[in-house]
Every structure is written in C-alpha cells, then in structure tokens.
Amino acid sequence: MIDFQNVSFTYGAMEGQYPVRAVSDVSFTIERGTHVALIGRNGSGKSTIARLMNGLLLPDEGLVTMNGKRTDDDRNIYEIRRECAMVFQNPDNQIIGTTVKDDVAFGPSNLGLSRDEIWARVDASLQLTGLSDLKERAPHELSGGQKQKLAIASILAMRPDCLVLDEATAMLDPEARHEVMALVKRLKKEEKLTVVQITHHMEEALLADLVYVISDGSIAFYGTPAEVFNQVERVKQEGLDVPTHLEIAHLIHQETHVPFDSNELIHFDGAVRYVREALDSTSVPNQQNPSKEDMQVEETAPILEPEEGDMSEVIKVDHLSYTYDTEGLSVLPALDEVSLQVKRGEILGLVGHTGSGKSTLIQHFNGLIRARKGKVVVLDRDLSDKKQVSGIRRHVGLLFQYPEDQLFEETVALDIAFAPKQQKKRPDEVERAVLRAAKRLGITEILDRSPFELSGGQRRRVAIAGVLAAETEILILDEPAAGLDPKGRDDLFRDLLTLTKEGVTLVIVSHDMEMMTRYSDRILVMNEGRVAGVGTPFEITQDEQFLKNVHLETPPSKRFLDEFSDLVPQKEKIACFCPLDVKNALLNAIKDLSVGGITHG
Amino acid sequence: MLGRSIPGDSALHLLDARIKFLAAIILMVAILSIQDPIIMAVFLIWTMMLMVLSKIRITTILRSVRPLVFIILFAVILHLVTVKGHILFHIGPVTISKEGLYTGAMTAMRLILMVINTSLLLTLTTMPLAIADALESLLSPLRYLRFPVHEFAMMMSIALRFVPILMDESAKIMKAQSSRGADYDTGGPIRRASGLVSILVPLFISSFRRADDLAIAMDARCYQGEKGRTRLYTAKLYPKDIVFLILVLFLLAFAFVGPKLLGGFF
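Keeping their order, the protein sequence lines are chains F and V. Heads up: the first sequence at position 144 corresponds to 143 in numbering that gives the first Met the number 0, and the numbers run straight through without jumps. Heads up: the second sequence at position 49 corresponds to 48 in numbering that gives the first Met the number 0, and the numbers run straight through without jumps.
It is worth saying that the hints were derived from the structure and are not from the lab. Some hints could be false.
Unchecked claim - Computed list of lysine to any residue pairs in SDA-like fashion (alpha-carbon distance at most 25 Å, straight line):
1. F:Lys590 <-> F:Asp561
2. F:Lys385 <-> V:Ile164
3. F:Lys134 <-> V:Leu195
4. V:Lys226 <-> F:Ser113
5. V:Lys174 <-> F:Leu491
6. V:Lys171 <-> F:Gln457
To be verified - The calculated label-pair distances, taken between Cβ atoms and stated as ranges, are:
7. F:Lys547 <-> V:Glu225: 48 to 56 Å
8. V:Leu195 <-> F:Gln253: 53 to 61 Å
9. F:His394 <-> V:Glu225: 54 to 62 Å
10. V:Met27 <-> F:Glu428: 55 to 63 Å
11. F:Arg185 <-> V:Asp184: 48 to 56 Å
The model shown is predicted, which means the values in this text are computed figures rather than measured ones. All C-beta atoms in this analysis are idealised placements derived from N, C-alpha and C, irrespective of residue type, glycine included.
Put together the whole structure using the sequences plus the hints.
This is how it looks when you write it as structure tokens:
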C-alpha cells in the first residue's frame, strides 16, 4: 500500500539554509491492513518519514508511492492525502473549525462533496468516535483526549484507507492515551484501516504487527514486536525502552539461562509465566547470584530515612481552598481543604489525573495564585501576605509543562541570565550564576547558541537552567519529561536527582507513575481538589483499588512483582520500582527459600 | 466577546447570517441617528423583542455591554459637563444642565442599544464560521476587483478559532516569566515595555509554530483554497429572512423621518 524506494530527504536544501539530512536511503513496504509502529529518538527522522508518505514532503531522491500512485505527481496529491490521513501531536494546532462539527466538515468540504453528503459523514464520524454529544462545542472546551478523538473523527470523514498517527498520544495523560489507543484499535478492526503509528510509548508499539526502529534517518532494524523488543540491548542502545515486563524476564533469563519463547514474553502474562517457570526450575542458586550487599549497591530507588539531619519543612500548606472565578457559574472548588508539608531536600511526587488540582496547587507555592482561604508558608514566609510574594520567587523555581516555550533571548546564556538580572545582581554575579546553572544541567557547551536552533531536550534543559540561575532552593516541575524520548527522560531525571544532593528540594508533577515511584521520596495523590493520599511510593502503590479510584496506573514493575506475592514478602518489595530491583527481589526470594529449605531438611 | 456564540435554535439563531450581518449594520446606522426620545422608545421595545426572541439569558446579553461601560460613562460625563442650558444644580465648579442630562442619557441609550443589537444578531446567535461565510458571500462582488475574498474569510475564522488558545498561552507565558522574577506590575513605562519582550517573543514564536502546524494539518486534509470547495453555510434565503430585512429597513426609515411624522401628529 505504501512503498518507499531508496528515499532520501534533506531539510533546508531548497531554501539555501544549512542542509540537515533527515532521511537517508530508506526503503520499505507497508501492506494494506497492517499496523506499523515507527519508534526512535527525538529527531531521528520518524516524523519526516510520515510526512513523506502522503506527499506533505517530497523526496529529494528515491520514490514514494501510495496505492501505486507517486507522491511527486501533482495530479495524485489530493487523492493520496485523502487516502492516507494524518493525526498530529499537538491537539490544538490541527483543529481548523470553530466548532466540532465544522471541523469534521472541513476535510469533506475540501473534497467538494455535496452538503448533504458532508453532514451525513460528519454525523457518522462523530458517532464512530463517540463525540456526537459534543457536536456544537467549541474546540477549546474539549479535553486533550477529546481533541485528539476529534482529529481522528475529522479524518475519518474523508474515508481514508490509512491512518498515520504522528505521536498523536504524546501530549495526553495516561487515561486519555488509553482511550485514544482503544479507539484506534477498534477502527483498525471495524474500518479495516492501515495504521502507521509513531510513538515513544513502547506499550503502544507492542500492539503493532511490525515495528521499525529509526535511527539517524534510516531504519536501524525492524521486525515483529517480539523480534524487536527481545533484542533488549540493541533497543536500549538506540536510546529507547523495552516494556517493563519484558525487561524483567530478560534479566531473569541472564541469571537463570532458562530458554524463552520470544512471542510469549511480549505479553505481560507470558512474561510472568516465563519468570515463574524459570524460578521454579532453578536449582539452589550458586555464588554468582547477588547477595543482599550487592543489592544495596545496585539499588536505584532511594529509601526514605526519616531520621536524617536537616528535615525542616520548606513548604507548609494548611487547609487551603481555592475556587476559580467563572462569572457567576457555580463550579467545584479547584482545591478543597488541602494540607501538606514538604521537607528540605526531599523529592515530592505530585500525582493525580487531569483536573485534580495539581496545577492550581503548585501555583500557590510561589505566589502566582495567592492563598485566600487557608495558609501557605514557604521558607518561613506567609504567602497570603502580598509583600512576601515578590521575595519568594527567587528561591522557588516553577516550570510549567513544555517550559522551553518561555525562552526568548538571543543566546542561551542571555536567557539563563534573565532571572539573576531581574534580581539586580552585579554582572560578575550574574555570569557566575549562569555558569553554575549551565554546569548543573550539562549545557555549558551551548551557551553561545540561539535557544531556537537546539533540540527539544536541550531547550528543556536551558529552560530549567533559567530557573535554577536564581537562588533556587525549591524547584517545582510540571511533567518535566513530557515529549522526551526514553533516554532523554532518564538522563533528565538523573540530572534532577543530583540537584537534590546539593540541597535543592524538588516537587515533581507527573502522570508517569513508573517514574514517580522510582524517583520520589514521597508521593502525594490529588483527586478532585483534595489530598487523596500521601506516603512513600511503596505505601501509595499498596492498594490497587485506591489507584484505580483516583484514575492512576499501578506502575508496571510493581504490577509484575505482585504476581509473585507468594515468593516475595511485603517487606522485600519496598524499593522495587525498576526492573533491576524486581529481578533482585525475585532471585533473593528463591535464594532465601532454598536456604530455608536446607535448614528445614 | 469574540467567538462567544451561544448555541440555540431560536428564531434569531435560524435567520440567515448574511441577513443578520446586513441588519446589524443597518440598525447601527439607524440607532446612531436617533434624535427623538419617542423613537428611542420604539427602538428600545424592538431591542427587548429581539432579546426575548433570542431565548438567551438576560444576564448573558447584558454582559456584552460590560466592556463598553467606561466608554459609555465617559460619553455621558462629557455631555453632562459640556452642554450648556437650563442649570439644574452645581457640583463644585461643574454645572449640570437639563440639556446636558438629556443629551447624556440619549448618548448612553444609543450606545447600549447599538451594542445589544449587534451582539444579539452577530456574536451571540451566529456561529463564528457562519459569520465568516456570510462575510465571504457579502464581499463576493469584490472578487471582480481581485480581492481574495475566500482567503480573507478563512483567515477571519481561523483567527476566531485561535483567540482563546492564544489568550491561554499568553497567560501561561506571563506566569512562567513571573516565576523567573519578571515583574509586570511595577516600574516605569520603559521597564514595563521591556518586560513585554519576554512575553511577546515567546508568544510570536509559538504563534508561528502553531501557524506552521496548522498549515500542514490543512494541507493534510486536502485544503486547496477555494477551488472545488463546498461552502457549508450559504443556505438559500427564506421568506422570513426577507421579512426581517424589510422590517429593519422600515426601522431605519422611521429613525430618519419619524420626527417629521410624529411632528404631524402632535
């Protein structure tokens, strides 16, 4: 259906700019009715390949054909775009109509269909995507997930054969992501669509028939999900991730050498079955197995030690309530009697589904929203007093989602200098502050460059450095890893962790339960404006039903370990939120068992 | 105010957008030329009729006057203090005359009625895209002067669509820069103006990116300008549309010749 023959593409080749080769010598064929996933790091050329498919970009060399029609033939272009429709990443930037129904009608009206036919298709598309009730709404009244479903509905109205999803779920929370993916799965089946999906979420790639790993503009390797993801090392070398259950199974395989069936491992249940089998068939462990001491060293998750020296409270929130002004309409309060404390040097994870009040809460921490009912005390300053607010911002850094959008200066150095300059520091002090912040985030090399020519991950670091350059004692980040590929995400979190060693207190807001449990000292769960729970990652993830009630996922490592509750006692599970820890806990468990068995015998 | 249309199926909602657009302009001219209090009363009754017909809550309608409250107050005060005539009373050095009070009240009524009429006919009861389509249709004679009518209408409707998004975005950027110590509330005009750079540059850049994304999304959905495109909202005119237009034209005539007619009666 889609055919690439030795396709190359270079950006800026025609405009006389510095050329950037995005795709080089790529050949592949996508068969009708298949589901293909393209994975790869940020900037690897995935999106460019997608845009070459329907003639949004034309190859410099080679040939792209769609249902036998060449994309470089002007006569075919609109037919190709109708057959091969695309959903993009940013929900806001692809909705053209001022109401839901107008947007769905946009595509068909470009095809010159009759008005009756257009409205019939609009109704059918909205029905298929479950948006019929929102027909008359304006796009900005929809949630992120609804917007992406609208984008899909708008495309379905053009009756395409092929659906290209260009990171279409990247900006959604987990719940919305699952809903959109369920919709895509259903459409693939019912409407017999070919699906091409670009994604950073390996769980989504598992649903595909074929996975292509893209690296530096070409196909590094490809195969069925089983073929690709069972090459754990190779996938990781590409800066990507393998699904957690698969990684655990492979770690167990390395220790036990029990053979596995790769098709089975890609499913959660299959991986659990394999691990169970492998553990059962393992004889008394030999010396190579990790001892307790090794495990301590390898542990990546920090364990909370309450008796540590300076644990004074840097943020104290007491019975805080807040309701937004909405012109006389009665709405639920965004915050309702919220109380919490954050201790110096800790990492507090703030989790909760969209609209649970997280973002309203963090804006109280540096006085962007002033406390009206209740009390907010940050670094011993009462923020309900307006005079205290201006002084607090140099000590409390706050970064919203996609903070790189706030960069505006000509060079990275000037942008980072913005905060210290606002504090009227002497030039040499400003320079010192800039250098120190740049060093902490590993961006000293790019200080002279324009922030607008950097990659997404680098710009994110510049934005964080721009906040750290003040005398930041508390750093608050909203979804710091949003949109980054797995390696970029892990690198960023590692750098953030080193900040806490220098005494910076971190408050991280995220949907990603796996990251949060792995890195936080404590987790605070928000739900409907209230604090639904607070505790260590271990305590918070104990009750699966609780997590379900507050619309959160159980982190996959924990879910995996729960399958072995007969082997691993509760107390051993405390710090198991990454595959390595899970493996160690499992191996220790059977070691203890066999040791126990010997004593009994 | 922009893009705040309220969905509904009242008689006013169902009128043709082109007719509503023309009617709004005609009524604006008519109301601005009212000199006589009796004719003002007639237009007040007409406006109240429209309000009932629209089936929109009265508080929502009155809210559309709010952005203009200062202008209205300013106009009234200007008339109060400048118009000379029979002195009613003094407030300090200012004298308030009977004529000043009268012209002030008439000005306020003219402005209020004008705003309510236009927002009832256009912003509140007409979908923005329908307004854009109506404009395209009304401007279509300009096509012969090589004016890009369709492109202009498309730009209008996209602008309408992005107003709320850009408002959210500027609020977000302002908060982000405030978190970095930017202060937009204090300091002299130069300091404030330089502070704006830190909001405007990111806003422009993100607008360009959005424009780029949107252009690609439109391309991907086969947009090729006006060529071969079905217009969604240019429905044919019904008798009720014509009747409404005649009624509005009659009101215009009444606003002009009314005083003479009434003069004949009294």
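Structure-based check of all given hints:
1. F:Lys590 <-> F:Asp561: 18 Å, holds
2. F:Lys385 <-> V:Ile164: Violated, because 29 Å separates the two Cα atoms, which is more than 25 Å.
3. F:Lys134 <-> V:Leu195: 38 Å, violated
4. V:Lys226 <-> F:Ser113: 14 Å, holds
5. V:Lys174 <-> F:Leu491: 23 Å, holds
6. V:Lys171 <-> F:Gln457: Roughly 21 Å separates the two Cα atoms, so the pair holds.
7. F:Lys547 <-> V:Glu225: 48 to 56 Å: 52 Å, holds
8. V:Leu195 <-> F:Gln253: 53 to 61 Å: 58 Å, holds
9. F:His394 <-> V:Glu225: 54 to 62 Å: Check passed, 57 Å falls within 54 to 62 Å.
10. V:Met27 <-> F:Glu428: 55 to 63 Å: Once the Cβ atoms are compared, 60 Å apart, the range 55 to 63 Å for F:Glu428 and V:Met27 holds.
11. F:Arg185 <-> V:Asp184: 48 to 56 Å: At roughly 51 Å between Cβ atoms, V:Asp184 and F:Arg185 fall inside 48 to 56 Å, so the hint holds.
Of the numbered hints stated above, those contradicted by the structure are hints 2 and 3, listed in ascending order.
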